[in-house]
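Trainee: Sequence:
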Amino acid sequence: MIADRRSSVCARDDMLDALLSGNEGTRAKLSDDQIIDLLITLIYSGYETVSTTSMKAEVPVRQPQSSRQIRKEHLDIRKAKSPEDPLDWNDYKSMTFTKAVIYETSRQR
28 MIADRRSSVC ARDDMLDALL SGNEGTRAKL SDDQIIDLLI TLIYSGYETV
78 STTSMKAEVP VRQPQSSRQI RKEHLDIRKA KSPEDPLDWN DYKSMTFTKA
128 VIYETSRQR
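Throughout, this note's numbering is defined as the position within the sequence shown, counted from one, plus 27.
No lab work stands behind these hints, which were simulated from the structure alone. All values derive from a computational prediction rather than experimental measurement. Possibly wrong hints are sitting among the right ones.
[Said to hold, decoys possible] Pairwise CB distance ranges (calculated): (1) Asp-40 <-> Arg-95: 38 to 44 Å; (2) Ser-34 <-> Val-88: 43 to 49 Å; (3) Glu-51 <-> Leu-102: 41 to 47 Å; (4) Lys-126 <-> Leu-66: 35 to 41 Å; (5) Asp-60 <-> Arg-98: 43 to 49 Å; (6) Lys-106 <-> Leu-43: 33 to 39 Å; (7) Thr-123 <-> Ala-55: 19 to 25 Å; (8) Arg-39 <-> Ser-94: 39 to 45 Å; (9) Gly-49 <-> Glu-85: 31 to 37 Å; (10) Ser-81 <-> Arg-39: 20 to 26 Å; (11) Leu-114 <-> Ile-63: 14 to 20 Å; (12) Ser-121 <-> Leu-66: 29 to 35 Å.
[Unchecked claim] Under the rule of at most 27 Å between Cα atoms (straight-line distance), these lysine-lysine pairs were calculated in the BS3-like manner: (13) Lys-108 <-> Lys-56; (14) Lys-106 <-> Lys-120; (15) Lys-126 <-> Lys-106; (16) Lys-99 <-> Lys-126; (17) Lys-106 <-> Lys-56; (18) Lys-108 <-> Lys-120; (19) Lys-120 <-> Lys-99; (20) Lys-56 <-> Lys-126; (21) Lys-120 <-> Lys-56; (22) Lys-108 <-> Lys-126.
Where is the CB? At the ideal position from N, CA and C, for every residue including glycine.
Start from the sequences and build out the full structure, keeping to the hints where you can.
Mentor: Below, the structure written as structure tokens:
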């Protein structure tokens with residue numbers, strides 16, 4: 028679908044078109060897998076209710092040690108990069124604790 032959309036001359040006013048056109052000429056290009064993941068995340072997040080999302084956002088407040096560990100993980104990744112380098116997909120994949128917290132809060136809904 029992504030390859031077909033890229034080769035199409037017909038512009039569409041939808042999220043996939045926005046992701047593909049916003050990805051042109053940028054230094055940190057999104058891969059097709061990343062675009063698919065973003066679309067799935069957007070669809071899933073539209074399904075989640077505000078109350079469930081609020082409950083998930085409450086977890087770091089109730090568990091400050093988790094919040095500190097997430098912050099440390101993010102700062103360590105940031106320190107390993109040049110200031111002008113954006114975070115990329117590999118950085119996200121290396122956020123093992125952050126992902127564990129996300130998965131656990133999703134499981135608890």
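Trainee: All the hints need checking, so say for each whether the structure fits it.
Mentor: Right, here's what the structure says about each hint:
{"no.": "1", "hint": "Asp-40 <-> Arg-95: 38 to 44 Å", "result": "43 Å, holds"}
{"no.": "2", "hint": "Ser-34 <-> Val-88: 43 to 49 Å", "result": "47 Å, holds"}
{"no.": "3", "hint": "Glu-51 <-> Leu-102: 41 to 47 Å", "result": "31 Å, violated"}
{"no.": "4", "hint": "Lys-126 <-> Leu-66: 35 to 41 Å", "result": "19 Å, violated"}
{"no.": "5", "hint": "Asp-60 <-> Arg-98: 43 to 49 Å", "result": "27 Å, violated"}
{"no.": "6", "hint": "Lys-106 <-> Leu-43: 33 to 39 Å", "result": "34 Å, holds"}
{"no.": "7", "hint": "Thr-123 <-> Ala-55: 19 to 25 Å", "result": "21 Å, holds"}
{"no.": "8", "hint": "Arg-39 <-> Ser-94: 39 to 45 Å", "result": "40 Å, holds"}
{"no.": "9", "hint": "Gly-49 <-> Glu-85: 31 to 37 Å", "result": "32 Å, holds"}
{"no.": "10", "hint": "Ser-81 <-> Arg-39: 20 to 26 Å", "result": "33 Å, violated"}
{"no.": "11", "hint": "Leu-114 <-> Ile-63: 14 to 20 Å", "result": "19 Å, holds"}
{"no.": "12", "hint": "Ser-121 <-> Leu-66: 29 to 35 Å", "result": "23 Å, violated"}
{"no.": "13", "hint": "Lys-108 <-> Lys-56", "result": "17 Å, holds"}
{"no.": "14", "hint": "Lys-106 <-> Lys-120", "result": "16 Å, holds"}
{"no.": "15", "hint": "Lys-126 <-> Lys-106", "result": "19 Å, holds"}
{"no.": "16", "hint": "Lys-99 <-> Lys-126", "result": "14 Å, holds"}
{"no.": "17", "hint": "Lys-106 <-> Lys-56", "result": "21 Å, holds"}
{"no.": "18", "hint": "Lys-108 <-> Lys-120", "result": "15 Å, holds"}
{"no.": "19", "hint": "Lys-120 <-> Lys-99", "result": "16 Å, holds"}
{"no.": "20", "hint": "Lys-56 <-> Lys-126", "result": "22 Å, holds"}
{"no.": "21", "hint": "Lys-120 <-> Lys-56", "result": "16 Å, holds"}
{"no.": "22", "hint": "Lys-108 <-> Lys-126", "result": "20 Å, holds"}
In summary, the numbered hints that this structure violates are 3, 4, 5, 10, 12.
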